[in-house]
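J.: Residue numbers (this note's numbering), protein chains in the order written: chain A, 1492 to 1715; chain B, 1492 to 1715.
By construction, these hints were calculated from the structure, which means they are not laboratory data. Nothing here was measured: the structure is a model prediction, and the numbers come from that model. Each hint should be verified, as a subset may be incorrect.
To be verified - List time: in silico BS3-like cross-link candidates among lysine-lysine, alpha-carbon distance up to 27 angstroms:
1. B:1640 x A:1640
2. A:1549 x A:1616
3. B:1607 x B:1585
4. A:1549 x B:1546
5. B:1493 x B:1549
6. A:1616 x A:1569
7. A:1640 x A:1594
8. A:1493 x A:1549
9. B:1576 x B:1594
10. B:1594 x A:1549
11. A:1584 x A:1607
12. B:1676 x B:1616
13. A:1549 x B:1580
14. A:1576 x A:1594
15. A:1576 x A:1549
16. B:1549 x B:1585
17. B:1549 x A:1546
18. B:1549 x A:1594
19. A:1549 x B:1549
20. B:1581 x B:1594
21. A:1585 x B:1676
22. B:1676 x B:1640
23. B:1546 x A:1594
24. B:1616 x A:1546
25. B:1677 x A:1546
26. B:1576 x B:1549
27. A:1569 x A:1676
28. A:1493 x A:1546
29. A:1549 x A:1569
30. A:1584 x A:1616
31. B:1580 x B:1549
32. A:1585 x A:1546
33. B:1640 x B:1580
2 protein chains.
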Amino acid sequence: MKANDRVFVVDLSERAFLAEITEVLEDQVVLRFLSWQESETELPIRIAIASGLPKGDKLDFIVQKGTELGAVAFYPFKAERSVTKWEPKKTAKKIERLERIAKEAAEQSHRTHIPKIEFASDLGKLLTLMEAFDYVVCAYEESSRAGEKNVLATVFEEIPHGASLLVIFGPEGGLSETEVEQFGKKDVHFAGLGPRILRTETAPLYLLAAASYHFELADSFFNE
Amino acid sequence: MKANDRVFVVDLSERAFLAEITEVLEDQVVLRFLSWQESETELPIRIAIASGLPKGDKLDFIVQKGTELGAVAFYPFKAERSVTKWEPKKTAKKIERLERIAKEAAEQSHRTHIPKIEFASDLGKLLTLMEAFDYVVCAYEESSRAGEKNVLATVFEEIPHGASLLVIFGPEGGLSETEVEQFGKKDVHFAGLGPRILRTETAPLYLLAAASYHFELADSFFNE
């Protein structure tokens, strides 16, 4: 970039503004403030995605597309049926990689918030992370199979703007009975995501798009 | 597969049933009918996706994930700002490849309908294809930028079950003025897909997930 180019800047308090480069020096760039960016690019509710460790590079995909679609955090967790393992020695590197993907996707989407990544190495850690959220939904294939189709819209209808929601997704093999039982002991809503079977990396994108549609596009229908 | 394995069969009229393999012969497999599959896995409205030819393997991605999310057809079209070109000689091969991807994704999702693929080699062909649809929506970035946020939900609210909807998406560089002008002459609804900038391959997935949420999960809220 060079003088006269325009840049989109996000400050530490997550306020965004437009600026123009006036000078590029050896170790600094001088900007001229143009205008505050008033358009709100963050979802009205804060949604975090907990994904049972999937195979291959699916987590990269979930973090990239999930960031584009507005997630505020990603918690990969070691699910009972996860085939992929994260060796403790390599965890820091893997997290760094996902952080980089989230940062780039946030910039490309002009988000003001860069999603946080945190690894839950066992079910206990995930249960502890859950405590921080106002609402928890578990996307449950068995619910979809059983034709469940009201929970998600009912929960969305109940969540006030500004509240936080954690959504849990199983790995390819689904969640185990133990996991479902443990979530059931907490105040977790088990929700189906429609009648088609979604892959483990597609389900979080469905959830985030549905939330955007509910809170950002169809809001007036729900609040009538 | 072998005797006693169970298979999911879809007949030519798109009715699905469960069967058991009783015998595997040299050139045929004998099945025993078990039960009709009553769960409906097709979206209540028929959605086709028209994508301005995107770069790289993004079309593979759109077809795979779009099939999982319920699209009934894909129309790649040569948009004015498409960087990728499809040489006439190679078009048939490219279509075959996408048909294979759609078929595999439909099987994996237990869909009863395999999406159709058709290439629109110029704007005129796309305009002709449009005629066959009850509704046409154009996902328009400028609408999103301008804060438009009611069109999609209003159109969804209006579309009756069983109707067909074509949704048009631009390539990476967006739709050209000419294209937008031509669509504007037809009865096309220009809709924003929320405040975050979505990549060209993410926007169709957003649209399909929003439609599933509207018609399959939150239906009772809209019909109150």
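J.: All hints, please: hold or fail.
T.: Against the structure, the hints come out as follows:
1. B:1640 x A:1640: Judged against 27 angstroms, a Cα distance of about 25 angstroms means the pair holds.
2. A:1549 x A:1616: holds (22 angstroms)
3. B:1607 x B:1585: Holds, at about 13 angstroms.
4. A:1549 x B:1546: Within the cut-off at roughly 21 angstroms; holds.
5. B:1493 x B:1549: violated (37 angstroms)
6. A:1616 x A:1569: holds (10 angstroms)
7. A:1640 x A:1594: violated (34 angstroms)
8. A:1493 x A:1549: It is violated: about 37 angstroms lies between the C-alpha atoms, which goes past 27 angstroms.
9. B:1576 x B:1594: holds (24 angstroms)
10. B:1594 x A:1549: Holds - the C-alpha atoms of residue 1549 (chain A) and residue 1594 (chain B) are around 21 angstroms apart, at most 27 angstroms.
11. A:1584 x A:1607: holds (15 angstroms)
12. B:1676 x B:1616: Measuring from Cα to Cα gives roughly 15 angstroms; hence the hint holds.
13. A:1549 x B:1580: violated (34 angstroms)
14. A:1576 x A:1594: holds (24 angstroms)
15. A:1576 x A:1549: holds (14 angstroms)
16. B:1549 x B:1585: Holds, because 13 angstroms separates the two Cα atoms, which is no more than 27 angstroms.
17. B:1549 x A:1546: holds (21 angstroms)
18. B:1549 x A:1594: holds (21 angstroms)
19. A:1549 x B:1549: holds (16 angstroms)
20. B:1581 x B:1594: holds (20 angstroms)
21. A:1585 x B:1676: With Cα atoms ~51 angstroms apart, residue 1585 (chain A) and residue 1676 (chain B) exceed 27 angstroms; violated.
22. B:1676 x B:1640: holds (22 angstroms)
23. B:1546 x A:1594: Satisfied, since the Cα-Cα distance of roughly 22 angstroms is no more than 27 angstroms.
24. B:1616 x A:1546: With a Cα-Cα distance of about 41 angstroms, the restraint between residue 1616 (chain B) and residue 1546 (chain A) is violated, given a limit of 27 angstroms.
25. B:1677 x A:1546: With a Cα-Cα distance of about 45 angstroms, the restraint between residue 1677 (chain B) and residue 1546 (chain A) is violated, given a limit of 27 angstroms.
26. B:1576 x B:1549: This hinted pair holds, its Cα atoms lying about 14 angstroms apart.
27. A:1569 x A:1676: The given pair, whose Cα atoms are some 19 angstroms apart, holds under the 27 angstroms limit.
28. A:1493 x A:1546: Not satisfied, since the Cα-Cα distance of roughly 42 angstroms exceeds 27 angstroms.
29. A:1549 x A:1569: holds (14 angstroms)
30. A:1584 x A:1616: Distance ~19 angstroms between residue 1584 (chain A) and residue 1616 (chain A) Cα, so the pair holds.
31. B:1580 x B:1549: holds (21 angstroms)
32. A:1585 x A:1546: Holds, at roughly 14 angstroms.
33. B:1640 x B:1580: violated (42 angstroms)
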